[in-house]
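**Student:** Sequence:
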Amino acid sequence: GSDSVLRTESSERSPWNQADVFLRHSAMPVFAYQFTVDTPVKVVSQFHFQPNILQKLCPPLTWMQVHRFEPLADGSVAEFTMWLGPIPVRWQAVHSAVSAAGFTDTQVAGPMKRWVHTHSFTAISDHQSRVSEHIEFEHHRGPRGLWSRLLFPRPALLLLFWFRCRATRRGCALLAGSE
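One gets the working numbering by counting positions in the sequence shown from 1 and adding 18 to each.
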(Lines of atoms letter the chains of each structure in order from A and count residues from 1; the text may use other names and numbers.)
(Lines give C-alpha, C1' and ligand atoms only; values in the text may rest on other atoms or scores of the structure.)
Protein backbone atom coordinates (compact mmCIF):
# COMPACT_ATOMS: atom_id res chain seq x y z
CA GLY A 1 0.00 0.00 0.00
CA SER A 2 0.95 3.64 0.34
CA ASP A 3 2.45 3.01 3.76
CA SER A 4 5.54 0.88 3.19
CA VAL A 5 8.01 0.28 5.99
CA LEU A 6 11.76 -0.24 5.79
CA ARG A 7 13.34 -1.65 8.92
CA THR A 8 17.01 -2.30 9.23
CA GLU A 9 18.25 -4.29 12.19
CA SER A 10 21.95 -4.37 12.63
CA SER A 11 24.41 -6.74 14.14
CA GLU A 12 27.94 -6.12 15.35
CA ARG A 13 29.08 -6.50 11.73
CA SER A 14 26.72 -3.80 10.49
CA PRO A 15 27.97 -0.24 10.02
CA TRP A 16 25.04 0.89 12.19
CA ASN A 17 26.32 -1.24 15.13
CA GLN A 18 23.25 -2.12 17.19
CA ALA A 19 21.05 0.59 15.68
CA ASP A 20 17.51 0.00 14.53
CA VAL A 21 16.30 2.28 11.79
CA PHE A 22 12.67 2.68 10.80
CA LEU A 23 11.55 4.72 7.81
CA ARG A 24 7.90 5.06 6.83
CA HIS A 25 6.79 6.44 3.49
CA SER A 26 3.38 8.07 3.94
CA ALA A 27 1.78 11.49 4.18
CA MET A 28 3.72 12.03 7.42
CA PRO A 29 7.11 10.34 7.11
CA VAL A 30 8.75 9.05 10.26
CA PHE A 31 12.45 8.52 10.85
CA ALA A 32 13.36 6.51 13.95
CA TYR A 33 16.80 5.48 15.14
CA GLN A 34 17.76 3.54 18.28
CA PHE A 35 21.10 2.66 19.76
CA THR A 36 22.57 1.50 23.04
CA VAL A 37 25.06 3.31 25.25
CA ASP A 38 27.15 1.48 27.84
CA THR A 39 26.47 3.95 30.65
CA PRO A 40 23.61 4.46 33.11
CA VAL A 41 20.61 6.38 31.77
CA LYS A 42 21.42 9.24 34.19
CA VAL A 43 24.68 9.84 32.28
CA VAL A 44 22.88 9.80 28.91
CA SER A 45 20.47 12.43 30.22
CA GLN A 46 23.33 14.57 31.61
CA PHE A 47 25.09 14.39 28.26
CA HIS A 48 22.03 15.75 26.42
CA PHE A 49 21.49 18.56 28.94
CA GLN A 50 24.95 20.10 28.39
CA PRO A 51 24.90 23.71 27.14
CA ASN A 52 27.19 22.88 24.18
CA ILE A 53 25.36 19.73 23.10
CA LEU A 54 24.51 21.02 19.62
CA GLN A 55 28.17 21.43 18.76
CA LYS A 56 29.01 17.98 20.17
CA LEU A 57 26.36 16.35 17.97
CA CYS A 58 27.27 18.28 14.81
CA PRO A 59 29.05 16.04 12.30
CA PRO A 60 32.39 16.89 10.69
CA LEU A 61 32.21 19.07 7.58
CA THR A 62 29.08 20.72 8.97
CA TRP A 63 29.71 24.00 10.71
CA MET A 64 27.12 25.27 13.17
CA GLN A 65 26.57 28.81 14.42
CA VAL A 66 24.48 28.82 17.59
CA HIS A 67 22.57 32.09 17.83
CA ARG A 68 20.54 31.19 20.93
CA PHE A 69 20.47 28.07 23.07
CA GLU A 70 18.50 28.30 26.28
CA PRO A 71 19.01 25.66 28.99
CA LEU A 72 16.89 22.64 28.15
CA ALA A 73 13.43 23.14 29.68
CA ASP A 74 9.82 23.24 28.52
CA GLY A 75 9.52 26.24 26.19
CA SER A 76 13.29 26.75 25.80
CA VAL A 77 14.50 27.84 22.36
CA ALA A 78 17.40 26.69 20.21
CA GLU A 79 18.24 28.88 17.25
CA PHE A 80 21.15 28.07 14.97
CA THR A 81 22.47 28.04 11.42
CA MET A 82 23.92 24.85 10.00
CA TRP A 83 26.30 25.36 7.13
CA LEU A 84 26.08 22.50 4.65
CA GLY A 85 29.15 23.46 2.69
CA PRO A 86 28.48 27.03 1.51
CA ILE A 87 24.72 26.72 2.14
CA PRO A 88 23.33 28.27 5.35
CA VAL A 89 20.28 26.53 6.84
CA ARG A 90 18.65 28.56 9.63
CA TRP A 91 16.67 26.57 12.22
CA GLN A 92 14.65 27.49 15.29
CA ALA A 93 13.21 24.86 17.61
CA VAL A 94 11.20 24.94 20.83
CA HIS A 95 11.61 22.20 23.45
CA SER A 96 8.74 20.44 25.23
CA ALA A 97 8.10 17.37 27.40
CA VAL A 98 11.55 17.89 28.96
CA SER A 99 12.52 15.38 31.64
CA ALA A 100 15.45 13.16 32.58
CA ALA A 101 13.88 10.55 30.26
CA GLY A 102 14.10 12.78 27.18
CA PHE A 103 12.55 15.74 25.41
CA THR A 104 10.98 16.87 22.15
CA ASP A 105 12.19 19.64 19.89
CA THR A 106 9.78 21.10 17.35
CA GLN A 107 10.97 23.24 14.47
CA VAL A 108 9.08 26.55 14.52
CA ALA A 109 11.16 28.18 11.77
CA GLY A 110 13.37 26.47 9.24
CA PRO A 111 13.51 24.50 6.02
CA MET A 112 10.86 21.87 6.83
CA LYS A 113 7.08 22.24 6.80
CA ARG A 114 6.99 20.10 9.94
CA TRP A 115 9.73 18.57 12.12
CA VAL A 116 8.99 17.07 15.54
CA HIS A 117 11.96 15.23 17.04
CA THR A 118 11.51 13.20 20.22
CA HIS A 119 14.60 12.01 22.10
CA SER A 120 13.95 9.21 24.64
CA PHE A 121 16.41 7.69 27.12
CA THR A 122 15.58 4.39 28.81
CA ALA A 123 17.56 2.12 31.12
CA ILE A 124 18.27 -1.36 29.82
CA SER A 125 20.25 -2.19 32.97
CA ASP A 126 22.18 -0.29 35.65
CA HIS A 127 25.05 0.13 33.19
CA GLN A 128 23.39 0.29 29.78
CA SER A 129 20.84 2.62 28.20
CA ARG A 130 18.85 2.93 25.00
CA VAL A 131 18.58 6.19 23.09
CA SER A 132 15.56 6.40 20.79
CA GLU A 133 15.23 9.16 18.22
CA HIS A 134 11.80 9.59 16.62
CA ILE A 135 11.22 12.28 14.00
CA GLU A 136 7.95 13.09 12.29
CA PHE A 137 8.61 15.41 9.38
CA GLU A 138 7.01 16.87 6.32
CA HIS A 139 8.49 18.72 3.37
CA HIS A 140 6.88 21.78 1.82
CA ARG A 141 5.31 21.43 -1.61
CA GLY A 142 6.88 22.89 -4.72
CA PRO A 143 10.39 24.36 -5.02
CA ARG A 144 10.75 24.90 -1.28
CA GLY A 145 10.04 21.21 -0.70
CA LEU A 146 12.54 20.24 -3.36
CA TRP A 147 15.12 22.31 -1.47
CA SER A 148 14.46 20.55 1.86
CA ARG A 149 14.47 17.13 0.16
CA LEU A 150 17.90 17.91 -1.30
CA LEU A 151 19.22 19.09 2.08
CA PHE A 152 17.74 16.26 4.18
CA PRO A 153 17.43 13.06 2.14
CA ARG A 154 17.03 9.80 4.08
CA PRO A 155 20.68 8.74 3.55
CA ALA A 156 21.82 12.04 5.09
CA LEU A 157 19.60 11.42 8.13
CA LEU A 158 21.10 7.93 8.50
CA LEU A 159 24.62 9.35 8.39
CA LEU A 160 23.73 12.16 10.80
CA PHE A 161 22.33 9.77 13.39
CA TRP A 162 25.14 7.28 12.88
CA PHE A 163 27.52 10.12 13.77
CA ARG A 164 25.34 11.19 16.71
CA CYS A 165 25.32 7.62 18.00
CA ARG A 166 29.12 7.63 18.04
CA ALA A 167 29.33 11.11 19.56
CA THR A 168 26.82 10.18 22.28
CA ARG A 169 28.68 6.99 23.18
CA ARG A 170 32.01 8.85 23.30
CA GLY A 171 30.60 11.78 25.29
CA CYS A 172 28.77 9.55 27.77
CA ALA A 173 31.90 7.44 28.33
CA LEU A 174 33.86 10.62 29.11
CA LEU A 175 31.13 11.87 31.47
CA ALA A 176 30.91 8.50 33.23
CA GLY A 177 34.69 8.46 33.65
CA SER A 178 34.69 11.90 35.29
CA GLU A 179 32.13 10.96 37.96
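It should be emphasised that the hints constitute simulated quantities derived from the structure, not laboratory data. Just to be clear, a hint being listed does not mean it is correct.
[What the hints assert, rightly or not] Label pairs and their computed distance ranges (CB to CB):
| hint | residue 1 | residue 2 | range |
| --- | --- | --- | --- |
| 1 | Gly160 | Phe67 | 23 to 29 Å |
| 2 | Pro173 | Met82 | 17 to 23 Å |
| 3 | Ala118 | Leu164 | 38 to 44 Å |
| 4 | Trp81 | Arg162 | 20 to 26 Å |
| 5 | Asn70 | Gly160 | 32 to 38 Å |
| 6 | Ala118 | Trp81 | 28 to 34 Å |
| 7 | Ala91 | Ala141 | 19 to 25 Å |
From the three backbone atoms N, C-alpha and C, an ideal C-beta is built for every residue, glycine too.
**Student:** Indicate, hint by hint, whether the structure satisfies it.
**Tutor:** Going down the list of hints, with the structure as the test:
1. Gly160 <-> Phe67: 23 to 29 Å: Given about 38 Å between the Cβ atoms, the range is violated.
2. Pro173 <-> Met82: 17 to 23 Å: Between Pro173 and Met82, where Cβ atoms are some 20 Å apart, the hint holds.
3. Ala118 <-> Leu164: 38 to 44 Å: For Leu164 against Ala118, whose Cβ atoms are near 40 Å apart, the range 38 to 44 Å holds.
4. Trp81 <-> Arg162: 20 to 26 Å: holds (23 Å)
5. Asn70 <-> Gly160: 32 to 38 Å: At roughly 37 Å between Cβ atoms, Gly160 and Asn70 fall inside 32 to 38 Å, so the hint holds.
6. Ala118 <-> Trp81: 28 to 34 Å: About 31 Å separates the Cβ atoms of Ala118 and Trp81, which means 28 to 34 Å holds.
7. Ala91 <-> Ala141: 19 to 25 Å: Given a distance of about 23 Å, which is inside 19 to 25 Å, the answer is holds.
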